[in-house]
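**Q** Sequence:
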Amino acid sequence: MAGYFRPSAKNHEQSLGEKIEVMNWRWVLTLGVIMLFTGKGVLAEPIYIAHRGANREADENTIKAFAIAIQYQVDYIETDPRLTKDGIFIAMHDPTLERTTNGKGKVKKFTLAEIKSLRTKNGEEIPTIEEVLLFAKDKGIGVYLDTKEKTIPALKQLVELAIRCGMSERVIIGVWNKSHLEWMHKNHPEIITGISWPWPPMSLNTIKAMGADWIGTLPSLATPQNIKRAHQSGLKMITLEINDPKIIEKKIEYGLDAILTDHPKILKAFKN
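Numbering-wise (this note's numbering), the sequence shown opens with residue 1 and increments by one.
Just so you know, these hints were derived from the structure itself, not from any lab.
Remember, it's a predicted structure, so these values are computed and weren't measured experimentally.
Incorrect hints may have been included.
Simulated DEER-style distance windows between Cβ atoms [as the list claims (entries may be wrong)]:
id, residue 1, residue 2, range
1, K85, E249, 23 to 33 Å
2, G123, Q225, 25 to 35 Å
3, K106, K228, 28 to 38 Å
4, G234, K186, 31 to 41 Å
5, K104, E249, 35 to 45 Å
6, M210, G105, 28 to 38 Å
Glycine is no exception: its CB is placed at the ideal position from the N, C-alpha and C atoms.
Take these sequences, add in the hints, and give me the full structure.
**A** Following this line, the structure appears as structure tokens:
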């Protein structure tokens with residue numbers, strides 16, 4: 001994911017009101033996500049997103065984790081497209097296999113067939129992004145694709161995959177730099193896009209002008225004042241994962257526009 005901001009030490013108030021540092025970590029999303037789930041430009045309630053699926057109940061980024069998340073009525077599942085040696089996108093957060101599978105080494109050194117021969121810690125198969133997209137399409141939910149590849153050709157390939165799967169109107173594609181955002185805005189403005197920008201600090205208006213309509217921040221910075229400032233600039237706000245129901249309830253009261261969590265089970269209590 002991409003796009004967290006924090007105030008600079010030099011001028012805290014100016015940073016919160018005018019400047020933001022979009023850290024190399026999470027996301028900025030566009031207004032189309034609101035249109036997708038409400039049909040209007042006003043968000044009736046937050047969008048609920050399962051971070052790598054229900055990753056505390058099943059192995060992350062597996063069909064099982066996504067299926068469990070869907071049972072809790074999430075609006076999106078979030079996953080991480082990473083290319084294999086033979087150029088196929090799989091759902092894998094890390095660049096290496098050790099943490100989540102019984103394999104060892106860099107993902108890019110393995111073919112899809114080799115990846116498919118591996119298993120996650122609890123015996124699940126590693127899905128391709130195409131499998132994830134088609135699964136989500138069948139279930140009627142969206143997919144946040146937190147891109148891991150750094151090239152425009154890889155981005156183009158990912159977008160074409162989403163289009164081919166009939167999911168171009170139901171994905172959010174998170175990119176990591178200005179050139180990728182500009183490419184998306186020029187070539188596929190119809191697709192919801194996010195950006196991560198580590199430096200320098202940017203004004204809210206600059207981010208808006210770059211084609212982004214959502215801004216991501218740390219949960220601690222999603223205060224009523226900061227959410228209001230974002231909204232006044234035409235931006236919606238999302239944060240890093242929140243797993244405490246009490247904090248989720250508070251952020252919803254503040255007007256936070258999306259909730260990302262590792263525990264989608266707890267979201268059912270907040271769904272209308």
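**Q** Each hint should be assessed against the structure and marked as holding or not.
**A** To see whether the hints hold, each was checked on the structure:
At roughly 45 Å, the beta-carbon separation of K85 and E249 lies outside the given 23 to 33 Å, and the hint is violated. Taking 25 to 35 Å as the suggested C-beta distance range, the pair G123 and Q225 does not conform, at roughly 47 Å. Between K106 and K228 the C-beta distance comes to about 44 Å, which lies outside the given range of 28 to 38 Å. Separated by about 20 Å at the C-beta atoms, G234 and K186 break the suggested range of 31 to 41 Å.
With their beta carbons about 42 Å apart, K104 and E249 fall inside the hinted range of 35 to 45 Å. Range check, M210 to G105: Cβ separation about 37 Å, and the 28 to 38 Å hint holds.
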